[in-house]
Each structure stands twice: as C-alpha cells, then as structure tokens.
Amino acid sequence: MPGFGDDGAYVWPITLLGLLTPLVLVIYVSVTLARAKSRLERLKQTDTDQA
Amino acid sequence: MWSILANPHRFMGFSKWAIPAGFALGSVLIGISLYNGLFVVPPDPKQGGDLMRAMFTHVPSAWLCMGLYAGLAIASFVWFVWRHELADVAARAIAPIGAAYTGLCFATGSIWGQKGWGAGWHNLILGDSRLMSVLVLFFLFLGYIALRSAMTTRQKAARAGAILAMVGIINVPIIKVSVDLWQDTTIHQPSSVIQIVDTTPESEEQKGMNAIYRDQLFLGFAGHGLFCAALIMMLMRAEIYSQQADRLLAQRLEEG
Chain A
1424 MPGFGDDGAY VWPITLLGLL TPLVLVIYVS VTLARAKSRL ERLKQTDTDQ
1474 A
Chain B
26 MWSILANPHR FMGFSKWAIP AGFALGSVLI GISLYNGLFV VPPDPKQGGD
76 LMRAMFTHVP SAWLCMGLYA GLAIASFVWF VWRHELADVA ARAIAPIGAA
126 YTGLCFATGS IWGQKGWGAG WHNLILGDSR LMSVLVLFFL FLGYIALRSA
176 MTTRQKAARA GAILAMVGII NVPIIKVSVD LWQDTTIHQP SSVIQIVDTT
226 PESEEQKGMN AIYRDQLFLG FAGHGLFCAA LIMMLMRAEI YSQQADRLLA
276 QRLEEG
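Respectively, the protein sequence lines represent chains A and B. Here our numbering is used: the first residue of the first sequence is 1424, the next is one more, and so on. Here our numbering is used: the first residue of the second sequence is 26, the next is one more, and so on.
Next up, chain A with everything else stripped away, as it sits in the complex:
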C-alpha cells in the first residue's frame, strides 16, 4: 500500500472520512427505519388484539 510520503497524513484521513460518513449514515437511516416500522407494527398489532 502506498504511503504517499508526507501527503499520506492528509490523504488517508480524508479517504477514511469519505468511507466512514456513508457508513454512519447507513446506521442512522437503518435505525430510523427500523424504529418507524416497529412503531407502526406495534400499533397494528394492538388493533388486531383489540378486534
């Protein structure tokens, strides 16, 4: 793996940030979606139980 000399101290953190940001967004979005879905399912389940 190339080190890019002195520039490596800047190039690698930038690249890492570019990979981490989408990953963090995937986690945030997945949690948001799972919470919204489970809330709806819980409400539907209560409706079914009451019926």
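Don't read these hints as lab results, they were simulated from the structure. Where is the CB? At the ideal position from N, CA and C, for every residue including glycine.
List of simulated lysine-lysine pairs, DSSO-like, C-alpha gap at most 30 Å: (1) B:LYS71 to B:LYS140; (2) B:LYS201 to B:LYS71; (3) B:LYS41 to A:LYS1467; (4) A:LYS1460 to B:LYS181; (5) B:LYS140 to B:LYS201; (6) B:LYS41 to A:LYS1460; (7) A:LYS1467 to B:LYS181.
Selected chain B positions facing chain A (Cβ under 7 Å, derived; list incomplete): (8) ASP75; (9) LEU76; (10) ARG78; (11) ALA79; (12) ALA125; (13) LEU129; (14) ALA132; (15) THR133; (16) ILE136; (17) LYS140; (18) PHE252; (19) MET259; (20) ARG262; (21) SER267; (22) GLN269; (23) LEU273.
Let chain A serve as the given structure and place chain B on it in line with the hints.
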C-alpha cells in the same frame, strides 16, 4: 416515471428493490473511483503531487451537497405548488443526508487545506467567498431540519421548510461561481472540471482537468449519488411508516 412514483404504494414497491440496487452499485462505483484515484492514476504535480488524491473524496462530496440542496429545493417547490405529499416526504429525507455530506465536504476540505494552503478552513472561513457560501449551505440544511422540528403540525412544518428551501436555492449558484467571479476573495482554486464562467487566461490545452482524474471524480460522484439515493429512499420509507402510524393513532383517538 416521477408521476408514477408519486403514489406512495408504488414508491414502496419501487424502493424495495431500488434501495439494495442503489447501495450495491453505489458501493462498487465508489470503490472503483477510490481504487483508481489512490493506486492507479499518477500524482499531478500541478495539484500538489500525491496530495491531490484527496479530491477523490472531497470533490464528489462537494458536488453532492449542492446537488442534494437542489433536490431539496425542487421537492419543496413540487410540494408547495402541487401539494404532492411524497415530495414533502422526499424533502424531509434529503435534509439530514445533505447536512452530513456538507459536513464531509467541510471536514475533508479543512484537512486538505492544512497542507495545501498551510491553514485549515476554520482559520480562513470569514474572509473567503467559497468557504463562507458552503458554510451558509450547511446552516441552510441544519436550519431546515430545526425549522421543521419547531412546527406544531406536519402541514406547518412542510410550508415553513419549503419556503426556506426555495429561498435558499440562491446560495447554490453563488457557491458555484464564487471561485470564478470573485477570485480575489477566495483562496480556493478556480473550477477545473465544470467551468460555467471562463476566467482562465490559459490556452485550450491547459484548461480544465486531465480526463484520467476527471473520470474518477465522475465515477465517485455517481457512486455517492446512488448511495445517497438509497439512503434517502430508506428515510422516505421511514417517514411513510411514521405517517401511517400517526394516522392510526389519530383514528383511535377519534373513535375514543
């Protein structure tokens, strides 16, 4: 296609397969762009040698944050004029993704600036037209999210957010031309990929960026774009579920 997808049921069906496809294709394109950008293309002495490899992360994120704001403004306009509920759902979903990518653009630019300019962006921002206009974009995204959260009803939130998003679109062309029209007010380099305003005195051969670098930037942009589209569709699905849950709750309250 857009009018077909404006129906939430059709959107849910479409997004079920479009989300994994967007993630898969986006990841592959990002991977190819980064691999080529880091390991294949030669260093460019005109852009700081190996340091220019930072642009394969920084530039796609910069393009994307402007593109996402344009998407936010268009979705807001569609909701404002035609009251398409799904357009408002899309606008709401775009905002956090746009804020994150604007943050990424800032963070990567700041690290790059430490070496390239000898100072991070945080030391330069107040007097610089490009950096300041991107900061305004960041605050527009955050302001949009905060404004919506402050409203008591979904309708009020949609209206206030739409007005802010439509007014704020003026900032996007300002960001684009800030490096070309006001070169004496910015340390940022002029546009080298997409030139709207030609202010460079160089010959045709010297103008613009070499295709081997430009192609990797476009690949990275397409990859991040597809990745973002998948993220936005996931947030839209979450919002649709949330609205359905709210309707169920309201129905129960009415029934007592």
